[in-house]
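A.B. asks: In the order they appear, the protein sequences are chains A and B. According to the numbering used here, the first sequence is numbered sequentially starting from 1. According to the numbering used here, the second sequence is numbered sequentially starting from 1.
Hints may be right or wrong, so weigh each one.
[As the list claims (entries may be wrong)] Below are the DSS-like pairs computed for lysine-lysine, each with C-alpha atoms no more than 27 angstroms apart in a straight line: (1) A/134 x A/172; (2) B/78 x A/172; (3) A/13 x B/37; (4) A/180 x A/154; (5) B/37 x A/148; (6) A/123 x B/16; (7) B/13 x A/134; (8) A/172 x B/13.
[To be verified] Partial selection, computed: residues in chain B whose CB lies under 8 angstroms from chain A: (9) 14; (10) 16; (11) 25; (12) 30; (13) 32; (14) 75; (15) 79.
None of these hints come from the bench; they were simulated from the model. Just so it is clear, the structure is predicted and the values come from calculations on it, not from any experiment. Positions of the beta carbon are idealized from the N, C-alpha and C atoms, including for glycine.
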Amino acid sequence: MDETNRDLITSLKQENTRDRAFNQLVKTYQERLYWHIRKILLNHDDTDDVLQNTFVKIWKNIENFREESSLYTWLYRIATNEAITFLNSRKRRSLLPLNDVSDYLMENLTSDPYFNGDELQLKLQKAILQLPEKQRLVFNMRYFDEIKYEEMSKILDTSVGALKASYHHAAKKVEEYIKKSD
Amino acid sequence: MDELKNNTPELSKMKKEPPFNVPENYFGDFSGRLHAKLESETNIYPKEKKGIIRYLKPALGMAASFALIFMLVYWPIKSFLPDYMAETNTVIEQEIEMDTYMPSLERIDENSFFTLMMETITGAEETGEELNDEELLNYLSANVSDYELYMHTEN
């Protein structure tokens with residue numbers, strides 16, 4: 001853990017410096033967490049809701065952060081859990097089968113005014129939506145964010161080997177989907 | 001990454017930037033909106049009070065539960081259990097027996113009592129229940145005077 005983050009955590013845990021430190025934390029991580037959540041949910045409005053919930057959760061639990069993992073890993077884990085919880089609540093509300101949320105996400109993507117991709121990028125997003133939830137997460141984190149497997153392992157609580165296999169399968173499926181739809 | 005190029009050539013040709021954007025000045029305003037949300041959340045869920053009550057709460061809760069269980073289960077069972085009724089009846093029966101026999105015992109004279117006791121001893125001998133010498137001596141010294149004993153042996 002670098003010195004800046006250590007100072008930030010110390011300030012977050014002290015009541016008199018917490019407000020200012022939290023503002024700094026939000027400014028530092030809001031964009032990174034936003035794009036991480038956006039790639040899971042695809043729609044801006046949903047992402048905005050989940051990002052706010054993520055920071056509320058961070059605020060409420062900062063005293064319980066035990067520094068066993070890096071701050072960045074902890075924040076990513078909370079954001080990922082919040083995004084998945086949001087998707088699950090959508091599944092329950094629309095009575096979708098537990099693994100089938102791709103239609104909802106596709107509608108999210110095409111109706112979102114803040115989607116500015118070309119046809120090829122839309123095709124890639126559609127291909128990613130065909131993947132099972134865990135593979136979709138791993139693919140997004142590795143392909144777009146280039147997060148190291150070791151880091152990803154801490155965020156998703158999955159072994160490095162399983163993550164590598166998951167990414168390999170996901171990439172092959174995406175490639176096949178793109179080839180087929182040409 | 002080379003592996004990705006070899007195995008997935010179509011994928012490796014694509015742009016890696018996500019095809020999304022955000023409303024103008026979204027990240028600039030985010031902090032303010034989050035602050036407003038946090039304030040409303042804090043008002044709805046005020047911070048838990050620290051102190052001894054917080055630590056005693058579980059113990060007090062358990063104590064209250066046990067008391068409730070005792071009142072709802074143990075006390076009614078104890079009140080209506082047949083053993084309890086039986087115990088009460090035995091005491092009442094014993095009292096009745098004592099009330100019945102005490103006046104008769106008080107009316108009996110010493111000679112009749114002695115005869116009754118001798119009959120009981122003789123009956124015991126007949127049924128094979130023998131008294132040893134020590135028991136007999138104890139009995140006679142406690143209940144019969146020396147003069148009575150002398151007169152009884154002379155006759």
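A.B. asks: All hints, please: hold or fail.
C.D. replies: Cross-check of the supplied hints:
no.	hint	in the structure
1	A/134 x A/172	holds, 15 angstroms
2	B/78 x A/172	violated, 73 angstroms
3	A/13 x B/37	holds, 21 angstroms
4	A/180 x A/154	violated, 35 angstroms
5	B/37 x A/148	violated, 33 angstroms
6	A/123 x B/16	holds, 13 angstroms
7	B/13 x A/134	holds, 24 angstroms
8	A/172 x B/13	holds, 14 angstroms
9	14	holds, 6 angstroms
10	16	holds, 6 angstroms
11	25	violated, 13 angstroms
12	30	holds, 6 angstroms
13	32	violated, 10 angstroms
14	75	violated, 43 angstroms
15	79	violated, 49 angstroms
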